[in-house]
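Asks: In case you want the letters, here they are:
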Amino acid sequence: MIRLNPKMTEKIVFFLLLVATLVIVIPVMLITVMILTNGAGTLSWEFLTQPPRLGMRAGGIFPAIVGTVYLVFGTLCFALPVGILAAVYLSEYARDNWLTRLIDIAIINLAGVPSVVYGLFGLGLFVSFLNFGTSIIAGSLTLTIMSLPVIITASREALNSIPQSFREASLALGATRWQTVRRVVLPNALPGIMTGTILALSRAAGETAPILFTVAAFYLPSLPTSIFDQCMALPYHLYVISTQVPNIKPGIQYGTALVLISMVLVMNVVAVLIRTHFRKRKLW
Amino acid sequence: MKSSRAYLNRIFEFVIEKAIFLAGILSIVFVFLIFLFLIKEGFSLFRTYSIFSFLFGTKWYPISSPPQFGIVPLLLGSVAVTLGAILIAVPLGIGSAIYIAEIAPRWLREILKATVEFLAAIPSIVLGFIGLVTLAPLVKKLFHLPTGLTALSGSIMLAFMAMPTIVSMMEDAFTAVPKSYREGALALGATRWEMIRRVLLPASASGMLAAIMLGIGRVIGETMAVLMITGNAARIPTGLTQPVRTMTATIAAEMGEAVQGGNHYFALFAIGIVLFIITFLINVTASFLVRSQRK
Numbered sequence: 001m002i003r004l005n006p007k008m009t010e011k012i013v014f015f016l017l018l019v020a021t022l023v024i025v026i027p028v029m030l031i032t033v034m035i036l037t038n039g040a041g042t043l044s045w046e047f048l049t050q051p052p053r054l055g056m057r058a059g060g061i062f063p064a065i066v067g068t069v070y071l072v073f074g075t076l077c078f079a080l081p082v083g084i085l086a087a088v089y090l091s092e093y094a095r096d097n098w099l100t101r102l103i104d105i106a107i108i109n110l111a112g113v114p115s116v117v118y119g120l121f122g123l124g125l126f127v128s129f130l131n132f133g134t135s136i137i138a139g140s141l142t143l144t145i146m147s148l149p150v151i152i153t154a155s156r157e158a159l160n161s162i163p164q165s166f167r168e169a170s171l172a173l174g175a176t177r178w179q180t181v182r183r184v185v186l187p188n189a190l191p192g193i194m195t196g197t198i199l200a201l202s203r204a205a206g207e208t209a210p211i212l213f214t215v216a217a218f219y220l221p222s223l224p225t226s227i228f229d230q231c232m233a234l235p236y237h238l239y240v241i242s243t244q245v246p247n248i249k250p251g252i253q254y255g256t257a258l259v260l261i262s263m264v265l266v267m268n269v270v271a272v273l274i275r276t277h278f279r280k281r282k283l284w
Numbered sequence: 001m002k003s004s005r006a007y008l009n010r011i012f013e014f015v016i017e018k019a020i021f022l023a024g025i026l027s028i029v030f031v032f033l034i035f036l037f038l039i040k041e042g043f044s045l046f047r048t049y050s051i052f053s054f055l056f057g058t059k060w061y062p063i064s065s066p067p068q069f070g071i072v073p074l075l076l077g078s079v080a081v082t083l084g085a086i087l088i089a090v091p092l093g094i095g096s097a098i099y100i101a102e103i104a105p106r107w108l109r110e111i112l113k114a115t116v117e118f119l120a121a122i123p124s125i126v127l128g129f130i131g132l133v134t135l136a137p138l139v140k141k142l143f144h145l146p147t148g149l150t151a152l153s154g155s156i157m158l159a160f161m162a163m164p165t166i167v168s169m170m171e172d173a174f175t176a177v178p179k180s181y182r183e184g185a186l187a188l189g190a191t192r193w194e195m196i197r198r199v200l201l202p203a204s205a206s207g208m209l210a211a212i213m214l215g216i217g218r219v220i221g222e223t224m225a226v227l228m229i230t231g232n233a234a235r236i237p238t239g240l241t242q243p244v245r246t247m248t249a250t251i252a253a254e255m256g257e258a259v260q261g262g263n264h265y266f267a268l269f270a271i272g273i274v275l276f277i278i279t280f281l282i283n284v285t286a287s288f289l290v291r292s293q294r295k
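Sequence order for the protein chains is A and B.
For the first sequence, our numbering gives the first residue as 1, with consecutive numbering after it.
For the second sequence, our numbering gives the first residue as 1, with consecutive numbering after it.
Below, in silico cross-link-like pairs of lysine-lysine (BS3-like), each with a Cα-Cα straight-line distance of 30 Å or less:
(1) A:Lys249 to B:Lys141
(2) B:Lys113 to A:Lys7
(3) A:Lys249 to B:Lys140
(4) B:Lys59 to B:Lys140
(5) B:Lys59 to B:Lys40
(6) B:Lys113 to B:Lys179
(7) A:Lys7 to B:Lys179
(8) A:Lys11 to B:Lys179
(9) A:Lys280 to B:Lys113
(10) A:Lys11 to B:Lys113
(11) A:Lys280 to B:Lys179
Covered by chain B, per the in silico footprint, the following chain A stretches (three or more residues, Cβ under 8 Å):
(12) 10-21
(13) 29-35
(14) 117-124
(15) 238-251
(16) 255-261
(17) 264-272
Derived by calculation from the structure, the hints in this document are not laboratory data.
Ideal placement from N, C-alpha and C gives every residue a C-beta, glycine not left out.
Take these sequences, add in the hints, and give me the full structure.
Replies: Shown next as structure tokens:
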């Protein structure tokens, strides 16, 4: 066997590692290009503003877009206040004891529960037990519980990054603990909290399994009028038209995928922009 | 006047601090509630169907009469797809994590990291759709199969989807290794690769293991892409080139048809219990591993 010198070995190994990286990265780029080129042709004012027609083989995806926006907004309304308060508890109030450790374990596990199990839970608790039926509120609440671990973790990190001296200064001026949190800690941590929340919502927007049994309608051209109505949603619509509708034009499928991915991407970009913008203006 | 306002403030502060505490322990409440509801619905199956036949039955025929709810084919379906995915994802994940974290020049690192983050942001339904139109036909052609919707296609897809979790967690594990370790190795005349292999990898072993475990958790729990691409045949698989059906896909595919309050409905919740327990164990172990590396 030839014994390679260390320099040569390093070159070969580094090349192999580069190949491994490219095997992951190149498909991502190909997928992006594929969705863009095949989907862009379908995008039109009609596609974005009309309901589907002819068994979803023609027309647009307007009800699905609206449904997803409603679900994201509903999730925001429930998840943001609860997530912030939970993070405030963990960062400002909790001591290092068994209860805090238990909460940590719970958050880690919530983050790892399969999305379809959230769907089952939403079906069992919100749809059946609380009798909300298959509805926007049941879907939003299910997505809320799924998003909480991300929002709590991100908000907690944002709160923890506020220097201790800020709190001490406020308390020294005679402010109570809550006043300190409300006037000093939270405003400074807001950008971090917003970034985490938007990222969590972008994930919620793309999820299919949790909304499958709790809110999503196969085909519903009219828009929902109350939070107890069903609605269509982009991810589920993409599932339906790519597996349940034979002889559909691929353009409609790619177009739907493009709209969904653009929504998710815009939210991600906004989140990153908020983070970088405020990082520059940091007070400490 | 002034004192009554101070009094109101005190009440408000009392209320808000209680609300904060409640929100704080809500995560525990939710984990508990999820388990409770899975048990409540899932265990209803065992009133009329033996738990033994559920856990060890080899036939999943939910709508034949009498119906059979043996979870073994579904469990093995999940295992087959997961094993395949791990075989692909672990070497690729380790390789690219090392490359991105340690070797790539700064400008390239930023691009690569952004790409991996973008992959994490793509909804699984979109990846499932793309897999359906590109990967499945490719697998069919390469292996001369009657259908491309097989465990193998699912494994490749899932390996890809687990990559962001594995790569970013491993990067964290590498960064957690003290700088002095690297400098020590390099000062002794080691090449960068020798330093990575002899110092960095051993020092971050438990963090890397945690990354792999969380990747497995992600793979087992993935639903929609697997549902679309693995062919959905609830049979005991004998090879990776056969159609299989995973536990998650079964729940997603059949809940729509299951009559609420019927045995089929309960059986799907019982599968949920199995999934919940598996992911629970994986997550607790992984967080334990992360903690042990930090020490």
